[in-house]
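A.B. asks: Listed below, chain by chain, are the residues.
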Amino acid sequence: MIKIEKLHKSYPIGKDSLHVLKGLDLHIKEGEFVSIMGSSGSGKSTLLNIVGLLDEHDDGNYYLNGQIIENLDEKKAALLRNKFLGFVFQSFNLITYKNALENVALPLYYQGMGRKERQNIALQYLDKVGLKDRADHLPSELSGGEKQRVAIARALVTNPKVVLADEPTGALDSSTSDSVMDLLKEINREGMTVFVITHEEDIAAETDRIVRLKDGVIISDVKTKANSKA
Amino acid sequence: MFDLDRWIELFQTLSKNKLRTVLSGFTISFAILLFTLLFGIGNGLKHTFEKQFAGDAQNSIYINSGRTTKPYKGLQSGRQIQFRNDDTKFMNEKFEGDIQFFSPNIQRFNVQAIYKGEQNRYTVRGVYPDYQPLEESVIENGRFLSVLDIKNKAKVIAIGRLVEKDLFGEFNAVGKNISLDGISYKVIGVFSDPGGDNDERYIYTPFTTAQGIYKPYDELDYFGLTFNPNLSVDQALSFSNLLTKMLKEKHNVDPRDQGAIRVRNYAEGTKNVQQFMGFLNGLILLIGLGTLVAGIIGISNIMVYIVKERTKELGIRKALGATPKSIIGMIMLESIFVTAIAGYIGLLIGVFSLKAIGSNLEKYFILNPSVETYVIVGATIILVVAGTIAGYIPAKRAAKIKPIVALNDE
Chain A
22 MIKIEKLHKS
32 YPIGKDSLHV
42 LKGLDLHIKE
52 GEFVSIMGSS
62 GSGKSTLLNI
72 VGLLDEHDDG
82 NYYLNGQIIE
92 NLDEKKAALL
102 RNKFLGFVFQ
112 SFNLITYKNA
122 LENVALPLYY
132 QGMGRKERQN
142 IALQYLDKVG
152 LKDRADHLPS
162 ELSGGEKQRV
172 AIARALVTNP
182 KVVLADEPTG
192 ALDSSTSDSV
202 MDLLKEINRE
212 GMTVFVITHE
222 EDIAAETDRI
232 VRLKDGVIIS
242 DVKTKANSKA
Chain B
6 MFDLDRWIEL
16 FQTLSKNKLR
26 TVLSGFTISF
36 AILLFTLLFG
46 IGNGLKHTFE
56 KQFAGDAQNS
66 IYINSGRTTK
76 PYKGLQSGRQ
86 IQFRNDDTKF
96 MNEKFEGDIQ
106 FFSPNIQRFN
116 VQAIYKGEQN
126 RYTVRGVYPD
136 YQPLEESVIE
146 NGRFLSVLDI
156 KNKAKVIAIG
166 RLVEKDLFGE
176 FNAVGKNISL
186 DGISYKVIGV
196 FSDPGGDNDE
206 RYIYTPFTTA
216 QGIYKPYDEL
226 DYFGLTFNPN
236 LSVDQALSFS
246 NLLTKMLKEK
256 HNVDPRDQGA
266 IRVRNYAEGT
276 KNVQQFMGFL
286 NGLILLIGLG
296 TLVAGIIGIS
306 NIMVYIVKER
316 TKELGIRKAL
326 GATPKSIIGM
336 IMLESIFVTA
346 IAGYIGLLIG
356 VFSLKAIGSN
366 LEKYFILNPS
376 VETYVIVGAT
386 IILVVAGTIA
396 GYIPAKRAAK
406 IKPIVALNDE
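Chains as they are written, first to last, in my numbering: chain A, 22 to 251; chain B, 6 to 415.
There's no promise every hint is true.
Straight-line C-alpha distance at most 30 Å; calculated BS3-like pairs for lysine-lysine [what the hints assert, rightly or not]:
| id | chain 1 | residue 1 | chain 2 | residue 2 |
| --- | --- | --- | --- | --- |
| 1 | B | 21 | A | 119 |
| 2 | B | 405 | A | 119 |
| 3 | A | 96 | B | 317 |
| 4 | B | 401 | B | 313 |
| 5 | A | 104 | B | 21 |
| 6 | A | 50 | A | 119 |
| 7 | A | 206 | B | 317 |
| 8 | A | 119 | B | 78 |
| 9 | B | 317 | A | 97 |
| 10 | B | 99 | A | 104 |
| 11 | B | 160 | A | 104 |
| 12 | A | 119 | B | 330 |
Since the hints were derived computationally from the structure, they do not count as laboratory data.
Let the hints inform the model, and build the full structure from the sequences given.
C.D. replies: Structural data, given as structure tokens:
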């Protein structure tokens, strides 16, 4: 599903440049539940941004769903994001003046789907994350855990190939974190590839495979036993 | 083109961000309101001027005679110059092409007019039928003097509206006989005159009739004429200069003598007024355009600020699959919609304010301020174009921001 070969990325800082990713190789298959671990500055967010087509890599190859990603213009990137990727962010990134249902339906709007159909599908996904009764609430009227559930519903609504979650529990307390992780696990059980970035050991431990990143290189890549599928 | 979803999205964004919408709308409304008011008041000033200079044909010239002030060709100064019928003939022959209407004139002040018990004193003028368009008077009832009246030296008169009111009250004067200094005249018409009360207290009688009664031989008092309206102001001035020169030559008057033959050309006044109005128009246009430009700059600033404020939202939209084109389209639709609606509101308030002012500010020389339709249409078009430009530049920039940069924006 996601295949990365010798991926390099550096950011210019004044006259110098900061080499963030130093030749990563990573292969994530369809249906995997993978977490990327690392302290801040290890390059894990940069990796997610590149995988999520929010940023461009400098060198190396990136294949998404078998398709090589290179020379993407904004329009193509937008279409690929919409079709293949669902995002869950640490700070939720819901649009503040739209209610839960409208937030979830927004990716479908950019697919050009009709209003009625859009709202029906969005409502189904809100139901799936257990927030059907909150459909007409604004983000400011929802708790942190509820906001993240809305964000997850929004990530799923286009039925993408991969869900990318950037510290999805970073802003939540531990019990809310657990329920969000349970939701992600459930999605994964249904066959969705889930790609989580975290710096919390216990969150990573809930996934099937942990990739540890330090200073822009992969230092370990192990499958966890506890959650390996039967 | 029409996409219901885009409009729903637009109205939601606008209504959920009321302060922003009102702020940007207010800038435009205010600019257009000022523009409309300035334009309207400028037009009000223009109307006042037009009214002040109404009453006589704008292309009229009056020629009077007086005493010479300079000796010339062996003739002494202080000599009275007298116009005669041969001057009428001379001018008719020499200037036929440049003259539109022409009439010699005999004027008697303080003539006693009596009808039954009523009496009053008026100025009586002996004129040609051409005198009517010269004064721009309008026949209300009956008719003005005719060529036949001149030929027959008929004892007929056309009287001003106020003469009729003075002597006849509410009754119709046409067909009645009035005595002027003891001689009986038949009223053939009543006229009104845009020049005001004075001009509506004149009594007109055929030139030949007046000459027979008031003048020895073929003397006359002065000439009134209008020049060909196709002449430009400068051509009209050179025409009246030539006329003056030839008349002075004919009567042996020094060309520099200002007293003996006096030519009053309305074109001179018209020229000054036109120059002043041109200046005023230019000033109004400048101020109006300035206000518009200030409005455009204001809306551009606000659009830049709005896009900056929305950077994160735009980043989210891009992460969810919004293409640059859809981002540009969204921001531009908003900006055009807000400018057009707000501008139209400003325009409406402006036009209604002008209507309300009406003639209330007449003592400040502002009469019926108004804005022409083409100005309104023009201003609206400028607005929409401004809205497009004001929206396009920040929209283009917004679409270029990388989603990751936008998402990190706080």
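A.B. asks: Compare the structure with each hint and give your call.
C.D. replies: Results of checking the hints against the structure:
no.: 1; hint: B:21 <-> A:119; in the structure: holds (8 Å)
no.: 2; hint: B:405 <-> A:119; in the structure: holds (24 Å)
no.: 3; hint: A:96 <-> B:317; in the structure: holds (18 Å)
no.: 4; hint: B:401 <-> B:313; in the structure: holds (12 Å)
no.: 5; hint: A:104 <-> B:21; in the structure: holds (29 Å)
no.: 6; hint: A:50 <-> A:119; in the structure: violated (35 Å)
no.: 7; hint: A:206 <-> B:317; in the structure: holds (29 Å)
no.: 8; hint: A:119 <-> B:78; in the structure: violated (100 Å)
no.: 9; hint: B:317 <-> A:97; in the structure: holds (21 Å)
no.: 10; hint: B:99 <-> A:104; in the structure: violated (92 Å)
no.: 11; hint: B:160 <-> A:104; in the structure: violated (102 Å)
no.: 12; hint: A:119 <-> B:330; in the structure: holds (22 Å)
When each numbered hint is compared with the structure, violations occur for hints 6, 8, 10, 11.
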